[in-house]
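Engineer: Take the two lone chains and join them into the complex the hints point to.
Each protein sequence line maps, in turn, to chains A and B.
Residues 1 to 253 in the UniProt record's numbering are what the first sequence spells out, letter by letter.
Residues 1 to 244 in the UniProt record's numbering are what the second sequence spells out, letter by letter.
To be clear, the hints were calculated from the coordinates, so they are not data collected in a lab.
Fair warning: this is a prediction, and the values are worked out from it, not measured in the lab.
Cβ coordinates follow ideal geometry from the N, Cα and C atoms, glycine included.
Worth double-checking, as some hints may not be accurate.
What the hints assert, rightly or not - Some residues of chain B that are not near chain A, with every Cβ distance over 12 angstroms (derived):
(1) A6
(2) V88
(3) P138
(4) P191
(5) D211
(6) A228
Unchecked claim - Pair by pair, the computed Cβ-Cβ distance ranges are:
(7) B:R13 x A:A235: 54 to 62 angstroms
(8) B:A6 x A:D38: 38 to 46 angstroms
(9) B:A218 x A:R142: 24 to 32 angstroms
(10) A:P54 x B:I232: 37 to 45 angstroms
(11) A:E128 x B:R13: 15 to 23 angstroms
(12) B:S167 x A:A207: 36 to 44 angstroms
(13) B:A218 x A:T146: 48 to 56 angstroms
(14) B:I232 x A:A207: 50 to 58 angstroms
(15) B:F31 x A:R145: 29 to 37 angstroms
(16) A:D38 x B:A188: 55 to 63 angstroms
(17) A:L149 x B:A188: 51 to 59 angstroms
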Amino acid sequence: MDHRTGDVRPTALASTRDAIVSVRSLSKRYGDVIVLDDLTFTLEEGTVTGFLGPNGAGKTTTLRLLLGLAAPSSGQALVFGHRYQDLDSPVRRVGAVLDVHDLHPARSGREHLRVLALAAGIPDSRVEEALAMVELEAAADRRVRTYSLGMRQRLGLAGALLGEPRLLVLDEPANGLDPAGMQWLRAMLRGFAERGGAVLVSSHVLAEVGQTVDQVLILHRGRLAASGPLDQLTADGQTLEEVYLAITSKVAA
Amino acid sequence: MNATLAAELRKQRSTRTDLTLLLTLLGLGLFAVALHAFSLSPDRLMTVTDQMRVFGWGVLAALFAGIAGAMAITTEFRHGTIRTTFLVTPQRGRVLTAKLGASALTGAALGFAMELVAVVIGSSVLAGRGIDIKITHPDFVRLLLGGALVGALWAAFGLGLGAILRSQVTVLVGLAAWLLFIENLLIAYVPDVGRLAPGQAGFALMGQDPDTLLPPAAGAVVLTAWAALAVISGRVLTARRDVP
Ligand SMILES: Nc1ncnc2c1ncn2[C@@H]1O[C@H](COP(=O)(O)OP(=O)(O)OP(=O)(O)O)[C@@H](O)[C@H]1O
Ligand SMILES: [Mg+2]
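Bound-form chain B, shown alone (with noise of 0.2 angstroms):
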């Protein structure tokens, strides 16, 4: 199993994908944070629920750690050298493992990053305006390790899902369609289901959005549940079916 792990992380460093992908996160995570700490009035940054728009990004953090998660299955299928894997390592039980291990660490990464340049630059703008942090120390380390978890959480639900339709193009659309644009509508017309799909679920674990969301440690349960469905899932398929 170790040297399983240690091919995969291997694998992750050789290529740039992780990289490009926190590089990428940060950056759209600094203009997100900066915009609504620049831009919104004081009025609207007044309670800890209204900060937490600034200091919040589990959309972030989930979007960019599913997308790792998924890539590390489906970049092995659309290059083939999932065949290569396999070869080695005929237990594909045991690859998905060593996946999931590396994933979820560079999505608690991914996470960690992105929560920690919200809160160092959000904090630094509304103090530069003058404006009242009403978040508490026990919010920024739920922020914290809660961005480190929902990246965890979704790099794994990524992967599961990559495993089950493993076509890269559907899976990162797939991610991106349901977390934009799905999950949105669910959590605007019928929040009781919304409140449990996967992101807001994450954003709950965050301490986001109070008024709506599940309280966090329900929220983290039903991720974790998500999760734990589509890598059980994608692990049962891929024992099952041939590689193509």
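Pulled out of the complex, with its shape left as it was, chain A reads as follows (with noise of 0.2 angstroms):
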């Protein structure tokens, strides 16, 4: 389809030359229903952003429109400058996980793995390393119908690190993962952006959010509520919670 040769970052807007994602005026609708409605946002290099609304707020939507799974109704959603699907070889850059689910109950987790690795063009050495990553080797050779929810987790991030990529999207990446694989993602995420990636990762849990992310997204019915570095959301005292709740809570204008 495409045949650029992806520089990754574009350069012919000086005021999105960080930029890993832009996101302008993005609006998705079903039918009537107006699940997004002009989105506006951009993500730098180095940073984790905490995707935050209540349920159907429109997070899931946005990050399938960001990966070109669905198509914008109007207004653009561009990663390293450019849409998903014209991307050279997108998992090199992007690596994502949509859902814990999406994995084929009869395959085994290496082989779930390689048949990605193939396809993208990717050495199965790279495959081994991914497996040791989210210490999943000891289940590798496993079929995917005895998993955890927490292996299938595990599972889908390696899928996602496999490229090496600069921006992961995760929606809600610590949904059955335990204690140790919590601090694991945590470290995980925190390490990919200090190394200049971008994260962007949906999350109900709060708590964990906290923790992880240096700057947050609250959507709220399908439009952006909030925004802004954590540290200045929660300045006059309030915890991340109080803040999110007090934002969702009020009647859409």
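Structural biologist: Here it is in structure tokens:
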């Protein structure tokens, strides 16, 4: 489809020089229902961004639009300055886990990763590295149907890390992880950002978000209700949970 | 493209779906061929057309190949792996082309294996009963290659339907109901229409029922047209629709 030789830094606009994600006036309608309404934000390198909002606020929808799985009704969602589907080898730029259950139950964990690696032109040695990273080697040859929820999360994360991307997009990755897994995830996301990557992670676990992210986007009924650095939002002594509840309990204008 | 095709082939091999289909097909085929070869009375096994009832099993080849093709895509929708697949290869048309290649290979193998069993078992049983085999060498070649071609084209047809309908249960039930029930009614009551159905066109290309069905070449053209229609519609819809 697209044959651009993908430069990761869009240079055309000075203001978006470092924007790894650039969402502009993004809207999505299903029939008459407006699910996302004029959403605009950018994500810079070196940041972990928490994507918050009540059930049905539109978080997953935003991520699907960003990843080229769904088409916007209007506006645009760009990664590295391009639509996802126009990226040259997308898994080498973007790692994503949308749903922990997106796995074939009859395939082993190792085989799942090998299929992805084969399609993306990534060597099998990287599969082993990714399995080691998420500490799933012992279960790697078992069928996914025998995996626990946390093991599925780990396998999903291994898949997202396979291409050594610079952007991670994760939809509720903490769901099902044990305390050690949570700690590992937190350290992994922080390290990822420190090495210059960007992370967009949706979550309902505000206590966990508070420990991991630099900034938050709070979505409410398809609109961006609040955004900014975590320390700024909680500047007047309120906890993230208090801020969040205050924003999302307001009647939408 | 090669990487996408290699990944599709690997996906096929990493579950037991195709092996299960092959073994079930061969088991059913063995049963059906042996039953016909043993139980039809010699006066009903006189002509080439009669003996085709023993050797021509396009219906099983088509059904199982159609299921294999449909599963290649509906399994991905069912388990949500379609999202991962399109994240790795966002060119959805390329994914469908790779699935077409992989499914056509599987379908051809299924159809060929079915006919091989039919030819070997059928001729052994008939020979054992002392019945003169009227089917000639070129007919056998047509059965084997025809079985492979029917398998490949029905796999493509199933893949296309799968891409259009996405729901695994709907597509599998639909394929079976169409092939085993609706086409039988069509060919029995409105043969001029029934002849043009994808199943009957496939049986025609294998040389079955030449009195009722199209000539083999016409059957091949009609079935190819059905497969192309399904695959192209599936591609267009897959490119336009949001991935669930
Ligand atoms: N294909 C669809 N057709 C119609 N409505 C849809 C579709 N997909 C999502 N929606 C609606 O869009 C809204 C936003 O859904 P979305 O999944 O983005 O929410 P979310 O913020 O991820 O919620 P959660 O926290 O529960 O995961 C919901 O009201 C949902 O019902
Ligand atoms: Mg969601």
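Engineer: Look at each hint and say if it fits the structure.
Structural biologist: These are the hints, each one checked on the structure:
1. For A6 of chain B, the shortest C-beta to C-beta distance to chain A comes to about 5 angstroms, within the 12 angstroms cut-off, and the non-interface label is violated.
2. With a minimum CB-CB distance of about 5 angstroms to chain A, V88 of chain B fails to clear the 12 angstroms threshold, and the non-interface call is violated.
3. At roughly 41 angstroms, the least C-beta separation between P138 of chain B and chain A is larger than 12 angstroms, which holds for a residue marked as non-interface.
4. Its beta-carbon lying about 42 angstroms from the closest one in chain A, P191 of chain B satisfies the requirement of being farther than 12 angstroms from that chain.
5. No Cβ of chain A comes within 12 angstroms of the Cβ of D211 of chain B; the nearest lies about 45 angstroms off, and the non-interface call holds.
6. Residue placement check: A228 of chain B keeps its beta carbon more than 12 angstroms from all beta carbons of chain A (closest about 22 angstroms).
7. R13 of chain B and A235 of chain A have their C-beta atoms about 57 angstroms apart, which keeps the hinted 54 to 62 angstroms range intact.
8. The supplied range of 38 to 46 angstroms is met by A6 of chain B and D38 of chain A, whose beta-carbon atoms lie about 43 angstroms from each other.
9. With their beta carbons about 51 angstroms apart, A218 of chain B and R142 of chain A fall outside the hinted range of 24 to 32 angstroms.
10. Remark: the range hint 37 to 45 angstroms for P54 of chain A to I232 of chain B is upheld by a beta-carbon distance near 42 angstroms.
11. A beta carbon spacing of about 20 angstroms between E128 of chain A and R13 of chain B agrees with the range 15 to 23 angstroms that was offered as a hint.
12. At about 40 angstroms, the beta-carbon gap between S167 of chain B and A207 of chain A stays in the expected band of 36 to 44 angstroms.
13. The hinted range of 48 to 56 angstroms is satisfied by A218 of chain B and T146 of chain A, whose Cβ atoms lie roughly 51 angstroms apart.
14. Between I232 of chain B and A207 of chain A the beta carbon distance is about 52 angstroms. The supplied range of 50 to 58 angstroms therefore holds.
15. Remark: the range hint 29 to 37 angstroms for F31 of chain B to R145 of chain A is upheld by a beta-carbon distance near 31 angstroms.
16. Distance hint check for D38 of chain A and A188 of chain B: the Cβ-Cβ separation is about 60 angstroms, which falls inside the suggested range of 55 to 63 angstroms.
17. A hinted range of 51 to 59 angstroms for the beta carbons of L149 of chain A and A188 of chain B is consistent with their spacing of about 53 angstroms.
In the structure shown, a violation is registered for the earlier hints numbered 1, 2, 9, in ascending order.
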